[in-house]
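Q: If you want the building blocks of each chain, they are given just below.
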Amino acid sequence: MNTILDVKDLHVSFKTYGGEVQAVRGVSFTVKKGETVAIVGESGCGKSVTAQSIMKLIPNPPGKITSGSILFKGRDLTKISEKEMRKIRGSDISMIFQDPMTSLNPTLTIGDQITEAILQHEPVVTKKEAQFRACEMLGEVGIANPKERLKQFPHQFSGGMRQRIMIAMALVCNPSILIADEPTTALDVTIQAQIIDLFKKIQRNTGVAIIMITHDLGVVAKLADRINVMYAGKVVESGTTSEIFYNPQHPYTKGLLNCVPRLDLERGQPLIPIPGSPPDLFAPPIGCAYSSRCEFAMEVCDAYQPGRTLVAEGHEVNCWLQDQRAKQVKFHLREKTYS
Amino acid sequence: MLKYIGKRFISMMITIWVIVTLTFFLMHAIPGSPFNQERNTNDTVRKNLEAHYHLDENLFVQYGIYLKSLLQFDFGPSIKQSSTSVNELLSRGFPISFELGSVALLFSIVSGIALGIFAALRHNGVIDYGAMTLAVIGISVPNFIMATLLIQVVAVDLKLLPVATWASYKHMILPALALSMSPLAIIARLTRSSMLEVLTQDYIRTARAKGLSPFKIVVKHALRNALLPVITILGTLVAAVLTGSFVIEKIFAIPGMGQYFVSSINDRDYPVIMGTTVFYSTLLIFLLFLVDIAYGIIDPRIKLHKKEGE
Amino acid sequence: MVLPNRTGNEKRQFPPDELFIPKKRKARNADAIVRPGLSYWQDARRRLVKNKLAMAGLVSLILLIIMAIFGPILSPYEVTKQALTESNLPPSASHWFGTDNLGRDVFTRTWYGARISLFVGVMAALVDFVIGVIYGGISGYKGGRTDHYMMRIVEILYGLPYLLMVILLMVVMGPGLLTIIVALSITGWTGMARIVRGQVLQLKHYEFVLASKTFGGKTRRIIRKHLLPNTMGPIIVQMTLTVPTAIFAEAFLSFIGLGVQAPYASWGVMASDALSTILTGQWWRLFFPAFFISLTMFAFNVLGDGLQDALDPKLRR
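Protein chains in written order, with the working numbering: chain A, 22 to 360; chain B, 90 to 399; chain C, 9 to 325.
The hints are simulated quantities; they were obtained by calculation from the structure and are not laboratory data.
You may find that some hints are simply not true.
Among chain B residues calculated to face chain A with C-beta under 8 Å, some are [to be verified]:
1) Gln290
2) Asp291
3) Arg294
4) Arg297
5) Ser302
6) Arg313
7) Tyr384
8) Asp388
9) Pro389
Here's a subset of chain B near chain C, in silico, CB distances under 8 Å, partners left out [said to hold, decoys possible]:
10) Ile103
11) Ile119
12) Leu210
13) His212
14) Pro231
15) Phe233
16) Ile234
17) Lys339
18) Ile340
Ideal Cβ placement from N, Cα and C applies to all residues, glycine included.
Could you build the full structure based on these sequences and the hints that come with them?
A: Next up, the structure:
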């Protein structure tokens with residue numbers, strides 16, 4: 022009963038001039054009350070599309086949820102009307118975006134933009150009360166002099182401040198899920214750390230569940246309870262944060278971890294980039310999408326989709342290396358060269 | 090903000106000065122113009138001109154006197170209608186031109202914006218194609234052609250409205266329509282494209298994520314931003330309506346300033362040409378100045394160097 | 009432990025054992041560009057051709073040019089030849105577009121008017137281009153103080169009401185085809201200068217220019233070889249959109265009696281002469297010049313819009 026969001030086999034595609042891009046190809050994951058779930062992957066892997074699909078914010082046309090379901094507190098969001106969806110957006114599920122510089126309307130005051138969500142979803146609330154709540158919320162996210170600042174315009178705030186405002190705006194109606202789409206990517210590193218701390222604090226205080234979309238495993242390590250690693254529109258590995266970090270199974274997850282600077286490793290140990298680029302999703306590969314970049318690719322990987330394997334409690338991976346027959350295969354690893 | 094206004098004001102004054110000076114020296118450079126001491130006009134007129142422009146003095150003294158009289162809003166005498174001055178012509182003709190011009194402008198702004206918004210919201214739909222076809226026609230058909238076409242069809246063939254002259258509000262419809270077609274088309278196109286761009290902005294997605302209705306999103310979040318570029322071209326449109334009124338008033342036989350101006354051109358009534366040019370230019374530049382300030386007020390991110398960055 | 013697929017809409021697959029061998033790596037190119045590489049100009053042309061409205065404009069334009077060249081030649085009548093006995097004839101086999109009140113052939117005069125309109129339009133655009141490129145190029149390339157002052161001047165000129173200034177100049181210089189072009193150019197080049205300057209400023213610091221400078225390229229060579237080809241897009245668009253403005257201005261001036269003078273035929277003169285026919289019913293005298301001036305402006309406008317879309321690198325797909 023703790024599960025509030027259950028995404029099942031979600032498929033999303035976009036019609037373009039070149040044909041249909043299958044951006045999300047069967048993604049499943051769940052979110053429990055008050056936890057933080059991360060979706061991690063490179064740009065273009067479908068993680069943002071997944072997030073926007075939950076809010077049904079994909080521009081349609083060209084985008085469309087082609088199959089699958091999104092169960093939010095038992096209701097299938099893919100089936101309800103736009104009008105019903107509007108009631109959920111911003112009040113039950115809210116979202117913040119990557120670029121705080123462009124995500125706020127430059128011609129409206131901060132106060133206007135925060136209170137309008139309250140006034141939209143709670144018609145009984147007066148303007149004054151809404152303003153009071155907006156003020157409280159701004160204080161909550163760490164903005165000094167909230168009362169005066171409500172009257173200011175977005176360009177009078179720094180990037181970090183604006184992201185705080187975005188967070189305040191998203192939380193002002195007490196949603197049960199907050200989707201954060203690369204919330205720290207556009208910010209300076211020091212500001213990033215502050216925003217991550219802020220997420221922790223608000224989660225403690227409000228018990229909101231957070232879906233954190235990011236390409237940065239560093240962000241995830243501090244924040245997430247569970248991680249879904251996405252590649253080319255599919256979840257390739259999922260598990261608790263410690264399982265993913267200390268017992269990664271999928272070569273792609275390992276590759277991602279090798280890209281993260283770590284303090285616990287010896288000095289001078291290089292970061293290892295993953296060579297190549299993700300496949301074209303106009304015509305997704307028949308087998309494992311990662312096989313063209315994978316060091317441990319086998320002939321089977323190109324021809325067949327790998328099934329799911331349960332590695333540990335709650336830790337699943339989709340990879341042919343988990344097959345018994347793969348244990349005997351000897352790989353001739355390429356020399357790693359660094360220049 | 091004050092600094093911004095001050096800066097714009099100074100640049101406005103410079104532009105006006107350039108126009109006044111240009112006009113003055115150009116008029117004195119014309120061979121055969123009455124400013125050149127050529128005795129080809131009648132005596133009364135001669136006297137008027139002498140009295141007003143001090144033609145016996147040297148050119149720069151004349152220029153100084155001219156500037157001084159302009160500062161007192163005195164635009165000098167006419168040579169063809171010896172008893173009247175440019176000021177009298179203006180007071181007779183300008184109210185009519187002003188009425189026609191503002192009706193045309195208002196109509197073109199309101200319907201242009203409305204058309205642009207609907208086209209953008211129904212992007213690639215029937216309304217969009219219809220509106221844009223109308224807009225392309227509006228831009229392509231010169232206003233004097235549009236005017237004759239309207240007279241032919243609406244007034245002569247269908248007999249719905251009077252053909253010409255200036256008597257009742259019915260007389261105003263056709264000239265105002267002819268005058269407003271091309272500004273309307275320009276506004277509609279600009280509104281549409283800027284609306285389309287604004288609708289793809291991140292803050293529109295934020296507004297959607299808050300659960301606002303499409304109507305609220307358009308009115309509160311998109312419109313204001315989409316109209317900013319429209320404001321910047323308002324000045325140009327006023328200029329288009331103003332110069333357009335020259336021909337429209339001629340075609341519809343409306344006794345406005347535009348018609349006086351055209352006939353002064355045909356009669357080579359140089360003092361009237363000079364006076365009207367200075368008057369209209371100053372008016373236009375002043376309106377441009379107002380538009381700039383309005384922009385500064387509406388857009389909270391006052392950009393001093395907006396023009397340069399375009 | 010192998011789990012079943014969660015949904016089962018993917019076929020349960022049992023791959024044969026022999027596939028469990030390391031993948032044979034072909035000479036693979038992970039970064040291969042999937043779609044064929046098109047150059048900037050190729051891509052622009054492809055997009056322009058796809059734009060139906062712009063193509064309609066281009067076709068009408070070509071037809072108009074052909075008729076402007078051959079129309080007056082094809083016709084047995086002269087432009088200014090009066091034949092009072094044949095005045096105000098409706099369109100017929102001998103006079104395709106009818107005749108005017110002085111018995112002149114409207115067909116001949118219409119295409120003669122096309123010559124004037126196209127000539128004025130193209131010349132105005134060319135002169136604007138030359139002045140604009142020189143002025144804007146110098147301003148943008150030199151930068152600093154020179155740029156500042158040169159742009160102040162442009163700003164002031166830009167603020168002047170265009171058509172009013174043209175009228176003033178025409179009054180001073182007297183009517184005529186050449187003076188129209190001069191008057192249009194004196195007032196019209198500022199827009200082009202601003203665009204060129206903007207482009208040059210943007211491109212000035214690009215690496216290929218720096219590279220060329222390090223290899224000892226002369227300033228003039230840098231401008232000609234590197235800067236200009238890269239700034240052509242917006243300039244072409246601006247030129248295309250200058251043409252209809254100039255054509256309109258010429259017709260407007262001729263209409264109020266300041267442009268091309270009778271007996272020569274310009275569309276503006278013809279429309280002005282035909283004003284009285286609204287009440288007398290010789291529709292052909294107004295219709296043909298009116299139609300073709302509108303068509304010409306339409307053609308240039310939609311072509312300009314199409315070029316703008318096609319040459320905008322942001323819209324590249």
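Q: Now tell me, hint by hint, if it's right for this structure.
A: Going down the list of hints, with the structure as the test:
no.: 1; hint: Gln290; result: 7 Å, holds
no.: 2; hint: Asp291; result: 4 Å, holds
no.: 3; hint: Arg294; result: 6 Å, holds
no.: 4; hint: Arg297; result: 6 Å, holds
no.: 5; hint: Ser302; result: 6 Å, holds
no.: 6; hint: Arg313; result: 5 Å, holds
no.: 7; hint: Tyr384; result: 12 Å, violated
no.: 8; hint: Asp388; result: 7 Å, holds
no.: 9; hint: Pro389; result: 4 Å, holds
no.: 10; hint: Ile103; result: 6 Å, holds
no.: 11; hint: Ile119; result: 5 Å, holds
no.: 12; hint: Leu210; result: 21 Å, violated
no.: 13; hint: His212; result: 15 Å, violated
no.: 14; hint: Pro231; result: 5 Å, holds
no.: 15; hint: Phe233; result: 5 Å, holds
no.: 16; hint: Ile234; result: 4 Å, holds
no.: 17; hint: Lys339; result: 7 Å, holds
no.: 18; hint: Ile340; result: 7 Å, holds
Consistency note: the structure conflicts with the earlier hints numbered 7, 12, 13.
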